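Top line first, the protein sequences correspond to chains X and G. So my numbering is basically just the index in the first sequence, starting at one, shifted up by 3. So my numbering is basically just the index in the second sequence, starting at one, shifted up by 127.
No wet-lab data here; the hints were simulated from the structure. Treat the numbers as computed from the prediction; the structure is a model and nothing was measured. Every residue gets a Cβ at the ideal spot worked out from N, C-alpha and C, and that includes glycine. There could be a bad hint or two in this list.
[To be verified] Just so you have them, the derived chain X footprint on chain G, three or more residues with Cβ under 8 Å:
#, stretch
1, 295-303
2, 646-659
3, 811-822
4, 832-846
5, 987-995
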Amino acid sequence: MKLIRLFILTVSIAALASCSKYLDVVPDNVRSLEYSFHLRSEAKKYLHTCYSYLPSFAARQSNQSFFGADEMWAPETSIPSYPSMSIAMGRQTAASPLMSYWTGSGSVPDLWEGINQCNVFLENVYSVPDMDVWEKDQWTAEVKFLKAYYHFLLVRAYGPIPIIRENLPISTPIEEARVFRDPVDEVFEYIVELIEEAEDGLPMYLLNEELEYGRITYPIAVGMKAKILTYAASPLFNGNSEYADFTDKNGRHLFNASYDPTKWQRAADALKVAIDVAHEAGHKLYEFQLTPQTQNVSTITKKQLDIRGAFTERWNEEILWAHSSSFSPEIQGHVMPILMARTETYNVPSGGGTLGATMNIANQFYTENGLPLADDSGWHYNERFDLWTATADERYYIQPGETTAALHFGREPRFYANLGFDRGKWYGRGIYDDNASFHLQMRSGEYAGQRQLNRYSLPGYYPKKLVHYETRHTAPTTFSAISYPWPILRLNDLYLLYAEALNEMHDGPTPEVFRYLDLIRERAGIPGVEYAWLYFSRNPNKINSKDGVRQIIQQERTIEMAFEGERFWDVRRWKTAPLELNKPIQGWDAHQSSVEGFYRVRDLFDMQFSFRDYFWPISENDLVVNKNLVQNPGW
Amino acid sequence: MAKQTILLSYTNVYEDINRILLIMKIIIGLLLIATMSLSATTFSQTITLNVKDVTLKQVFDEIHQQSKFGVIYNDKHVDASKKVTIATNKMPLKTFLNKVLSQQNMTYRIKEKTIFVQPKAPEKIISTLHVNDNGRMQQKGLKGKVLGKESTPLQGVSIMIKGSQVGTQTNANGEFAFPLVETGSVLVLSYTGYLSKEVVVGSETMLEIILEEDPESLEEVVVVAFGTQKKTDMVGSVTSIKPSNLRAPTSNLTTALAGQAAGIIAYQRSGEPGEDNADFFIRGVTSFGTGKVDPLILIDGMELGTTELARLRPDDIESFSIMKDATATSLYGARGANGVIFVTTKQGREGAAIISFRSEVSRSAATRNVPLADPVTYMKLYNDAQYSRSPFEQPHYTQEKIDATAEGLNPILYPAVDWRKELFKESTINHRHNLNVSGGGKVARYYVAGSYAQDNGVLKVPTINNYNNNIDLKSYTLRANVNIDLTKNTELIVRLNGNFDDYNGPIQSGTSIYNQVIRASPVDFLPVYPKTPEFDYVQHVMYGGRADQDFINPYAYMTAGYKDYNRSLMMAQMEVKQNLAFLTEGLRFRTMFNTNRISRFDILRSSSPFYYEATVTDRRTGEYFLNRFVEGREYLGFGVDSDLRQQSSVFYLESAMDYNRTFGEKHGLSGLLVYIMRSGLDSKSNSLQLSLPFRNMGLSGRATYSYDSRYYAEFNFGYNGSERFHESHRFGFFPSAGLAWTISNEKFWKPLKDKVHNFRLRGTYGVVGNDQIGSATDRFFYLSEVGDGSSFGFGKVVRDVETGARVTRYANPDISWETSYKTNLAVELGLFNKIEILADFFQEHRTNILMSRSNIPSTMGLTAVQRANIGEATGKGMDISVDYNHSWASGLWLQARANFTYATSAYKVFEEPQYEKEWWKSRIGYPISQQFGYIAERLFVDDEEVQNSPTQFGGNNIAGDIKYKDVNGDGVISQLDQVPIGLPLTPEIIYGAGFSIGWKQLDFSTFFQGSANSSFWMGGSVTQGGTTTTGPVNIQPFAEGKQVLQAIAENHYSMDNPDIYAMYPRLSTNHHANNMALSTWWLRNGNFLRVKQMELGYSLPRHVSEKLHMKNLRLYMSGSNLFTISNFKLWDIEMAGNGLGYPVQRVFNLGVNVTF
């Protein structure tokens, strides 16, 4: 009895005594934001965090521009695989914007979040104790650049955006957090300013390329700055009268309605600097270096490899900046047609062979004389839909003895290097003797044609450009892609932009314009602009007018940058989209098995582009939450 | 039944026995009267009393005061207001009682410490019979025996011949005899604690009469928070369910809850063994936070989860209480806002061992399977759908294939698969067995029970595998409750409980296999191909599939492996009760320690399927070859499912001091102070913050005062804290108070007392909290949390990859528990001693609901949502129960009961975007599970109408697609056009009604249960591969290989049937964004009424069972979910949104219950 009383008493005293601390269960060192800047190793993780908001351009679900324009097409049932097709098909809505950087919806990053993270980094990085100042400066510069780049991605998609110079504290009253959109000129100005702030801290070369490729360098910063200035000078943002009435809630004009030619001057100057810096850093146009496997190839095939490698050869000398965390194996799988012989079992990666290139883009490629199809007096324009049979002369392009459209004959090397077509050769994929190369058979029922639901190219072309020449199916069930990080900025891009800017800033073309275009054309294996137009074209005067040269530059850019996602933005920037994107998407009739049936041009989709499509809609919810925002016109 | 008055007190001899124990023992006493003969104990206590003209009640009070014996009488039979005069000095108790009661023609018996008083029946038969008018009267001798529960003889039962003064009472063997009695006369049997019974005398000369226990007397004591209260003293709102009402032919207790008690909203959405827990809420859901909304479940004082409740066996339950209002729950402070379910298990009773055994075997089958269209229809409709959308494409299925399939030609070339038939059996057989033994001596009492249940699924098992992939859930329970009297003043109670589930089943849940069936093509391939000579070497199952696109072969899914899981709950509890009467009278102390451990692990053994495609080489001969296009793995691999792994331990301590005393004779006073501590750890943590212990501590108290059994007041409080909140908010005070008035005990009520024996009003108001806010995986809102962000890598070959950091929660030190202000008003009405009506009306205002801030602009770039306690909601409703008991002279008895619960909720403060124009988008004022969607007007008549109508979704609409109403008139159908549609998803009304009827050895009972005021989406919610889709998309034919529901095949818009109100719009072979939007087109009413239970029982006559050496043997047949009335025919409507899952089962059951 006594024992029990004692026991109860003890227990209750013990229980009551422990009260104060009992509910305090959280230990002191629980991870909080401060820990991210206590040590260099943790701060470095945060540096990676800032980089991690770079959109995965190589991912088919995350790149708006793959299908948003008229370059690639697939059966409508593939929309889950290629969500940007919805944009091309006019299904963008303000209720739930597709692939929106503003809200981070549809597999694209939330860039406001990315900017927030950059600001957190910038606020705290100088407090890290175990870091040298130069390293803090370098990291700060990298993050400033990223912050500027994220602003650029937003302004490119949305036009005027609020500039986020610093993070608002969490406790900011909601009213103050309701920011206004800033005019595009101010946004571009801020972006350029930020990159210029960053330039000093950035290295010319990476100390350890093996480990650091993908980090921002000085050539990247000046290169991107120049490209961004070109956007700012382009008709969409420079004196765009269509948006003259677009004002903010407090009456501020968001677009500058008067054209300012000095913007082109500024862009051209920046591009010149960028090109010089790139050259200084060792960048040059890519040329394929023969390997033991390929040492016996013909010059034709060698040229093909020059062209194909410029994009797919990882970290080649032409690349200034590539996305070191966005790799291409999956997209290659989608582009790679099923090339296995009929008796073999095939099992391509899910979606394999689905991703087609359109006839619209295929027809942009020049003739072998480096001219648009209709302009080349030496090319069989009127017979282009006839069926021709290839001879040994075309053996490196088309399988001899096989029949295909005349359209596929006499084209420039980039056509053959960048496109897979029926009876066209596909060099590589494990076979390095270019006399024994595979060729595609793409008619219905053939091994690279429609044998399976959805696993074929609907328009009858494949964007071979995206596939590394060594990428192949190694066994019935495995697919082996030579992966490459997705290039974001290459030297050829700067050349083309420089030519464009020079043409715009002067009243007519200058030799400089043709010099830079010819550098590109030389690598592409076609004659220079002046030579080609003077000697082969039906319209040699075109190269004398500013407008004519502008068209030439634009087509050159379309071809050179095809399938990289540039065209989607370029046609908007040039304001040529209403013309270019209001055409039906065309292709061969891939459902047909006969030659005659297959080579009939078919309209696949009636593409529409209207004024509102220049910019993304801001989601209705964002407008309701922040009443100070205005919707983009047309939405 | 008439109200009974209990006076409670304590004997000198057993001065240390505390009140709770006494109450328990009174109950035990009542029950044991049936089983034990009264022993002539000599009592040593004496009474000294000298009074004149006082009421009998006052004398009883005095006896109670002096002897500490409780006095129980039935005021229908005993008029306690009679005046007596007596003078004694130290008169022995029995002599005193004889003296007092014999004057009043009353008698008594003493059991343990309780005196039962009842009218005295004449010892001898006085024959005052007269001859009947018609002269056909027969007189004869009559003998009989009266038996109570478990066929134990009852001694001292009063038996009167109706309309006369003739009567007798039973002897120690329960026997009685009338030397002369006329046929047709009516015997009236009455016995305290049992229902009165009237028996018509027929031709027989030997009667065996069984008396039913009075449920009222059993419910006399109600378990309330940390204690018990007399039902007549209750101020708060607590409902008790009779454990026997929870006995259904399932091994899941929760499935029997719906409609059983006023105040519970319950429904069962799945019939899959192991996954069939019902959802239940007390008085609905009044919080829209993502936190806990279901009640706190306490089993023997220990907080446990739904599954632990589900595994309880009704045979082991002593009491099942539902605490609903603030007074009943505020002692649980920050954890009681959603109501409390409190279950206590049985304890041993003094006496010889009573062994009870129950065994049941049942056949269970789906109540309803969703009918699917046959393969030929499937193909025809596919082609129709394709033609209507893309008229120039080749038909997907050739006419030749359709014709050949219809003719049933070569099934390899023309597969026509009824997946459901391939996968599922018609029915399955389940068992349940339960054995319990209870008894004890003076020092210790025990209750030991063991049970075993086996539930099987309806999945087929292929002969090619030697493992079982069907669901086989075995659950075992072992329970031992032992009470030991350590000293006269100290009782020690030890409860041990183990609960073990052994499961064997498919890798995926049965529900997902059912879901797969809807997604498998019936015509593209066979489930399994027979071996061809080419594949003679093959040891594996040759599953069918198609190489060219995604496909689902549910058969492969189901049979390619199996899974085991073991789940155990171990609970050990020790309680010490100490009477502190030596300090002051009525004071007691008790303390309880408890620990429980739950563990679960899942082991998966799976092979990976090989898939084959058949390619025809010669259409005429049917020659074909098989092509293996997916290489699998023949041998089984091993895996563990760490998502389901659980290991958790809980420690709990509860100490209580309580005080209970009556002063004078009218002032009842009681007080209670409880201290609790609880700490839990869970291994299933995937973050540091989650791994930290869960803790609660607090002090709670109760004070009650009653005056003259007429006026009652009660005050409760909980002061407790939770580890989840910032120091400054860690503790909260939750007070509540209530008043009750028993009008029927007022003097002026006397004249009405015959008709209205009970009329009582109660009202309470108070505050209760809920600390389990946010998701289960989110605590410590006052701390920020930083987790891993996306990773990013640099480098060419050697990669420098780092995982980023990301704030996953911004700190908000102000976040605290939800607070609920509850009001309850109740009326109790007892009519004609037969009908008891109890009606509660409640209102609740819940504040501090945790919400995500929705109006923070995206441009802030926050990586996590901000949260704050800003939401408010209200709830209101009523719950009503009606009970009816009656016995007829013929021996027929009837018990009927009905209850009705209505609970509705409304958003009051909800942070949502402020729509300037689209006011209809606001949730304010709508119920919490209100659905929003588009208004579907009808189907488009023609393509021209599509062009001329507001822009719909998808941009590919044609005639026969759904036309939505452009509510805001902006020419575009967008989210702004969504309006509240239909009724909430959670039913607002749950009701149940049933009756039991018995006659001689036969008894029959049935129970109906219904649900109303709810809506659900056609297609419901289906989770596949971690993503949940809701709505019609789950039944959308063809897209993602889905089958066609028969109902859709029969009634959809087509060229042949251009019905703009067809059940299904125009078919599409692909996902059709426009038609699949959530709209009124797809909302269905969830109302139903079903026969939930039906039972027919037969008890062996006593003379037969005695020969078999049994006390009682009852055989019964029961069924559940036998019949449903509802407008919805596609699937069992109770499953509502889970209609495509594992169906609710209809069970036919045979059982036997033997007591030795």
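Okay, the hints, checked on the actual structure:
1. 295-303: violated (count 0)
2. 646-659: violated (count 0)
3. 811-822: holds (count 5)
4. 832-846: violated (count 0)
5. 987-995: holds (count 5)
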